[in-house]
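Colleague: Assemble the whole structure, with the sequences as input and the hints as a guide.
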Amino acid sequence: MQDKILELIIRTARELGEDELSLGGDLDADTRLFGADGVLDSMGLVTLIVAVEQAIEDELDESVALADEKALSQARSPYRTVSTMAEYAADQLQGG
Amino acid sequence: MSSPVTLITGTRKGIGRHVAEHFCKKGHTVIGCSRGESDWEDENYRHFIADVSDEVAVKKIFSAIRKEHGRLDILLNNAGIASMNHSLLTPVKTVQRVMETNVVGTFLFCREAAKLMKKNKFGRIVNFSTVAVPLKLEGEAAYVASKAAVEGLTNVLAREFAELGITVNAVGPVPISTDLIRAVPKDKIDALVGRQPIKRLGEMDDVINVVEFFVSRSSDFVTGQCLYLGGV
Ligand SMILES: NC(=O)c1ccc[n+]([C@@H]2O[C@H](COP(=O)([O-])OP(=O)(O)OC[C@H]3O[C@@H](n4cnc5c(N)ncnc54)[C@H](OP(=O)(O)O)[C@@H]3O)[C@@H](O)[C@H]2O)c1
Chain C
1 MQDKILELII RTARELGEDE LSLGGDLDAD TRLFGADGVL DSMGLVTLIV AVEQAIEDEL
61 DESVALADEK ALSQARSPYR TVSTMAEYAA DQLQGG
Chain F
1 MSSPVTLITG TRKGIGRHVA EHFCKKGHTV IGCSRGESDW EDENYRHFIA DVSDEVAVKK
61 IFSAIRKEHG RLDILLNNAG IASMNHSLLT PVKTVQRVME TNVVGTFLFC REAAKLMKKN
121 KFGRIVNFST VAVPLKLEGE AAYVASKAAV EGLTNVLARE FAELGITVNA VGPVPISTDL
181 IRAVPKDKID ALVGRQPIKR LGEMDDVINV VEFFVSRSSD FVTGQCLYLG GV
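If you're matching them up, the sequences are chains C and F in order. Numbering-wise, the numbering used here puts 81 at position 81 of the first sequence, and it's gapless, one number per residue. Numbering-wise, the numbering used here puts 56 at position 56 of the second sequence, and it's gapless, one number per residue.
None of these hints come from the bench; they were simulated from the model. Every clue listed holds true.
Restraint ranges, calculated between C-beta atoms of paired labels, are given here:
1. Ser219(F) / Met43(C): 21 to 27 Å
2. Met43(C) / Leu89(F): 45 to 51 Å
3. His86(F) / Lys70(C): 39 to 45 Å
Taking lysine-lysine pairs in the DSS-like style, the calculated list, with each CA pair at most 27 Å apart, reads:
4. Lys4(C) / Lys115(F)
5. Lys115(F) / Lys67(F)
6. Lys4(C) / Lys119(F)
7. Lys4(C) / Lys59(F)
8. Lys119(F) / Lys60(F)
9. Lys13(F) / Lys93(F)
10. Lys4(C) / Lys60(F)
11. Lys70(C) / Lys59(F)
12. Lys13(F) / Lys26(F)
13. Lys67(F) / Lys4(C)
Even glycine gets a Cβ: it sits at the ideal position worked out from N, Cα and C.
Modeller: In structure tokens:
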């Protein structure tokens, strides 16, 4: 599941592309998304989260909230890298 | 450009139904919802049965809009309930229902709508307040509090959504004869109308006029405003 979501996040980010995310280069599982050295500003993060939520809904037919209070208040933010985001999304899907 | 996709809450009856019929006539693709089945139809209209405060049901509406139309241009958060009672006689359940419908409902629809609207960098949201807020009407504490919250949401969301090309405004009607105010005694309504600079009941078309102004493409520099009818 996590691999599938990882692939989905990377694809979604690529589709959003340069204009919407202002990504410097291409990204992979270890790309730092948000926080220190992150490639996204806060609006970029919001855009990516929303697009990933929608892609999960379209492709897996499941509704998931990736931006809940828990995620935002976690000391180790689940949005650090592409793979931590995928891990978090997979957890949310299994838990909810 | 193809016809606008317009989502209106609370379209079974009252102002919401009237506004929905108006935009259907103008050729918009109109999506509406209410807790009950709608008893009117139009070739441009699709009805969803949903309580605006039910997140799961609301998300279903948006996912249907996304799949069928891929976009949303206009959102009118009309669904609302009132409670006309002295606060000492108002059960907490009533307060909760009013808050859930008017505040949580409006919040949810704004949030989900902005996710769709931001794709096209265009959106128009109009929320529904009431002159009862500036007039601080006695006997409507929960209702006034909920609509004051709607105005607060309007102001903050206008700022948050500005960079997404979405405007967020509110209209504040005076009493209009719908089921919402049917239970209010006539002398109370007369007294209220007497406090308006322009002393008459509101009409559906008064609301439509303001909504049309806010949703117009040319109103892209108008956001975070609450426009009261009747000069209040
Ligand atoms: N009429 C006035 O004098 C006046 C004055 C100032 C402001 N307003 C505002 O204008 C708006 C419309 O009022 P109105 O006079 O048209 O009221 P209304 O005649 O009572 O109609 C309310 C509509 O909202 C729907 N609704 C209520 N609760 C809902 C919920 N939880 N989820 C989904 N739909 C819901 C109702 O359908 P269901 O019952 O099927 O759910 C109905 O279609 C409200 O926001 C109100 O506060 C009205």
